[in-house]
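Enquirer: First to last, the protein sequences are chains A and B.
Counting in the numbering used here, the first sequence runs from -1 upward without gaps.
Counting in the numbering used here, the second sequence runs from -1 upward without gaps.
To be clear, the hints were calculated from the coordinates, so they are not data collected in a lab.
Glycine is no exception: its CB is placed at the ideal position from the N, C-alpha and C atoms.
No false leads were slipped in.
With a straight-line cut-off of 30 Å between C-alpha atoms, the simulated DSSO-like cross-links for lysine-lysine are:
1) K280/A <-> K220/A
2) K220/B <-> K280/B
3) K280/A <-> K121/B
4) K280/B <-> K121/A
To give an idea of the interface, some chain B residues facing chain A are shown, with a C-beta separation under 7 Å as derived from the structure:
5) C180
6) V181
7) L281
Number of protein chains: 2
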Amino acid sequence: LPRRRFWERALDGPAAELLFAGRRADAVRALEQELATDTTVTTSGAVYLIGTGPGDPDLLTFRALRLMQQADVVIFDRLVGDGIVDLCRRDAERIFVGKQAGDHSYDQSEINQLLVTLARGGKRVARLKGGDPFIFGRGGEEIEELAAAGLEFQIVPGITAALGCAAYAGIPLTHREHAHSCVFITGHAPEQQAARDWQALVRSQQTIVVYMGAATLDYTAKRLIEAGLAPSTPLALIERGTLAEQRVAVGTLDQAADLAQRSAARPPLLAIIGSVVRLRDKLAWFGRERCAAGSEP
Amino acid sequence: LPRRRFWERALDGPAAELLFAGRRADAVRALEQELATDTTVTTSGAVYLIGTGPGDPDLLTFRALRLMQQADVVIFDRLVGDGIVDLCRRDAERIFVGKQAGDHSYDQSEINQLLVTLARGGKRVARLKGGDPFIFGRGGEEIEELAAAGLEFQIVPGITAALGCAAYAGIPLTHREHAHSCVFITGHAPEQQAARDWQALVRSQQTIVVYMGAATLDYTAKRLIEAGLAPSTPLALIERGTLAEQRVAVGTLDQAADLAQRSAARPPLLAIIGSVVRLRDKLAWFGRERCAAGSEP
Chain A
-1 LPRRRFWERA
9 LDGPAAELLF
19 AGRRADAVRA
29 LEQELATDTT
39 VTTSGAVYLI
49 GTGPGDPDLL
59 TFRALRLMQQ
69 ADVVIFDRLV
79 GDGIVDLCRR
89 DAERIFVGKQ
99 AGDHSYDQSE
109 INQLLVTLAR
119 GGKRVARLKG
129 GDPFIFGRGG
139 EEIEELAAAG
149 LEFQIVPGIT
159 AALGCAAYAG
169 IPLTHREHAH
179 SCVFITGHAP
189 EQQAARDWQA
199 LVRSQQTIVV
209 YMGAATLDYT
219 AKRLIEAGLA
229 PSTPLALIER
239 GTLAEQRVAV
249 GTLDQAADLA
259 QRSAARPPLL
269 AIIGSVVRLR
279 DKLAWFGRER
289 CAAGSEP
Chain B
-1 LPRRRFWERA
9 LDGPAAELLF
19 AGRRADAVRA
29 LEQELATDTT
39 VTTSGAVYLI
49 GTGPGDPDLL
59 TFRALRLMQQ
69 ADVVIFDRLV
79 GDGIVDLCRR
89 DAERIFVGKQ
99 AGDHSYDQSE
109 INQLLVTLAR
119 GGKRVARLKG
129 GDPFIFGRGG
139 EEIEELAAAG
149 LEFQIVPGIT
159 AALGCAAYAG
169 IPLTHREHAH
179 SCVFITGHAP
189 EQQAARDWQA
199 LVRSQQTIVV
209 YMGAATLDYT
219 AKRLIEAGLA
229 PSTPLALIER
239 GTLAEQRVAV
249 GTLDQAADLA
259 QRSAARPPLL
269 AIIGSVVRLR
279 DKLAWFGRER
289 CAAGSEP
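Construct the entire structure; sequences and hints are all you get.
Expert: Dropping the structure here:
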């Protein structure tokens, strides 16, 4: 019941305007008023580990936004899409934890500790993660200490970059004629990839998705070719996936160096490797539609 | 601009109540009035291929709901969560395309053709898919004919079952100390799995996620053990993931038959295999929280 009441207030009233960039200030003020008089809101601390999706705020879930609106403190990093932090309560404290050159960056253990300290102090904390918190998000690590301390937390899944970029680029990750499985890896620095079992990745009818891999894409491609993947295997490199500035470069595995060099490597950044990439010729739609409702730029 | 106007009307007005189960009829009526006077809505046909997430309507994205509210026709199957179809416009035509014993089921080519026919006839069609349309959703197949026919379409990613179930079960799919990659497979009938490269799946520090695999879980587990995965590898079987009725059974790979037998195999159903499953001991939260705001049952 309290939950339904919250929905009613948050979406039935002027606070709904929180979602319109142009009227954001008014909207947040209205929501603050709602929250100020909200007796259902607990005062005990909690951390909401929230996947905010690949970038487009339109891909936030209702659950994500609701919890963002309840947080006293918002903790975010550079992988959280522009405009998403602004959807939190205006009076929420904002803590940027990195990682950008020149900024003070928190290291992982500092972030973990920060969450514990804030929750123990009675704060409701929205820890925003780009994509999904449990796919290369280190979300598990961030809440382990919280959990050990017996503090309250919730985990909100998000559209991980693989799903968002695939949909907006028109590349199905699985397809009966092309791929019966899909594997997600990261493009770590080569020295960290020494132990990777490249042979195992190179399975027929498997799509390989590489997160954060522009800098090492050439290395990754070379290892995959050595392990037996055809140099002519299609490869798509997607930058700023799901956003208006989305760029999709398509080539083959042996052109990886070229593709990566031409990329600005702006997140969300993702490489998709496999014959499914060819389907984009038919299925690309984003940035092309003009008359479909709801998609005007 | 038309997009912002739509948001304003849809979320600023009484139609926002579409989201509250208890006041659904009023809400849909209000939205219909908005749409009736909406001059920005196109009259040309289009198909919106929409991932509706693992089940909890709270995990719909804003984009998904907006397009659902614009559709004249809604096409759905049994993998779409209860209550989600009801969030479409009340006057939208609803077409159930299967697949349940006793019902007339459409086969895949009939569904593909239906989408083409409706869009060509000027209808805006919401094709709802459980989870994400490009992860084992056959979404690619469904829009290939549309695309070939030059018809308008959009693809909306959704929270795939792996992400939803993992978050709500407290099992990170990747984790620095446990898994550096994650692979998604389906639990097909054994005769369809003959070609599967089991050796390649059994990589150290890789989480294996099996979709729709209760019936074949024992078979899958036996093949993985034969291929070298330790019989003591942790296994979680998640039924009705993200829903209030969520059940998580945890055991080891060699107990797969037992776990599957005790399951009612109700979707979303997912098996997670790998040492990350152990983290659930610490990180389970759903169904336990009581005082955190926004999570009251």
